[in-house]
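The task is simple: from the sequences and hints, build the whole structure.
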Amino acid sequence: DGGITQSPKYLFRKEGQNVTLSCEQNLNHDAMYWYRQDPGQGLRLIYYSQIVNDFQKGDIAEGYSVSREKKESFPLTVTSAQKNPTAFYLCASMGSGSYTGELFFGEGSRLTVL
Amino acid sequence: AQKVTQAQTEISVVEKEDVTLDCVYETRDTTYYLFWYKQPPSGELVFLIRRNSFDEQNEISGRYSWNFQKSTSSFNFTITASQVVDSAVYFCAPPQGGSEKLVFGKGTKLTVNP
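Chains as they are written, first to last, in this note's numbering: chain B, 511 to 624; chain U, 13 to 126.
It should be emphasised that the hints constitute simulated quantities derived from the structure, not laboratory data. All C-beta atoms, glycine included, are put in the ideal place defined by N, C-alpha and C. Be a bit skeptical, because a hint or two may be false.
Restraint-style ranges between C-beta atoms, simulated for each label pair [unchecked claim]:
| id | chain 1 | residue 1 | chain 2 | residue 2 | range |
| --- | --- | --- | --- | --- | --- |
| 1 | B | N563 | U | I23 | 41 to 47 angstroms |
| 2 | U | N79 | B | Q551 | 25 to 31 angstroms |
| 3 | U | A19 | B | D569 | 16 to 22 angstroms |
| 4 | B | T515 | U | K15 | 26 to 32 angstroms |
| 5 | U | V36 | B | S532 | 34 to 40 angstroms |
| 6 | U | A19 | B | Q527 | 37 to 43 angstroms |
| 7 | U | P53 | B | R523 | 19 to 25 angstroms |
To list a few chain U residues with every Cβ distance to chain B over 12 angstroms, as calculated [stated by the list, open to error]:
| id | residue |
| --- | --- |
| 8 | E71 |
| 9 | Y76 |
| 10 | P106 |
| 11 | N125 |
Below is the structure:
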């Protein structure tokens, strides 16, 4: 079935370590997004990509990095520079040139820093 | 960037009550689409509805209805005869009109008590 797969679902990390969250989609969508969700904060945009090999910073990009080497993949790295990385991370995609289309979301990855 | 404001952070109702979730949006586009998403406790956001800016007729789908008023930039969502299963966080998504950056609001957490 078509959709977005995020992994891992739960992740624990020690302070000072980098960690990479995977996001894969088989919907043939051009646009992909990473959001962070904290209790009471809603969804905050980290990075987004409209096309392969191109991406832009969202509102809270500091301490994060992404790559978009393949259309179907948009991994997010949470670096040690991120001051408060414990959060729920959601990846989403949207059809190309189709701003009429809805966002498809993955099930999310919950990162906890010990 | 396209933005939305959901002023209600949390709403608590008793089962069978009607409840309206407010959404005010900002956009520079003249043509755009609006969306609502539901986030149940499992975490994955689920698409509920899409409306285009040309159509201001109210839409009803079962117990759900949406009131779109372009003049006031509002796209409100009403649940009639609420049920416990409606308990979730509801997000009004930023208007999509060709802009790339989609900035969500904080969402409204709805709790329906038996």
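That 41 to 47 angstroms hint for N563 (chain B) and I23 (chain U) (C-beta), does it hold up? 43 angstroms, holds
Do A19 (chain U) and Q527 (chain B) keep their Cβ atoms within the hinted range of 37 to 43 angstroms? Given a distance of about 39 angstroms, which is inside 37 to 43 angstroms, the answer is holds.
Range hint 16 to 22 angstroms: satisfied by the CB atoms of A19 (chain U) and D569 (chain B)? 20 angstroms, holds
Tell me if the beta carbons of V36 (chain U) and S532 (chain B) are separated by a distance inside 34 to 40 angstroms. 35 angstroms, holds
Could you check that no beta carbon of chain B comes within 12 angstroms of the beta carbon of Y76 (chain U)? 15 angstroms, holds
Distance restraint evaluation - N79 (chain U), Q551 (chain B), Cβ atoms, bounds 25 to 31 angstroms: 27 angstroms, holds
With 19 to 25 angstroms as the target window, see if P53 (chain U) and R523 (chain B) comply at their CB atoms. Given about 24 angstroms between the Cβ atoms, the range holds.
With 26 to 32 angstroms as the target window, see if T515 (chain B) and K15 (chain U) comply at their CB atoms. 29 angstroms, holds
Over 12 angstroms from every CB of chain B: does P106 (chain U) meet that, or does the non-interface label fail? 9 angstroms, violated
N125 (chain U) remote from chain B - nearest C-beta pair above 12 angstroms: About 20 angstroms separates N125 (chain U) from the closest Cβ of chain B, which puts it past 12 angstroms; holds.
E71 (chain U): least C-beta distance to chain B exceeds 12 angstroms? 15 angstroms, holds
Hint 10 from the list above is the single one not met by this structure.
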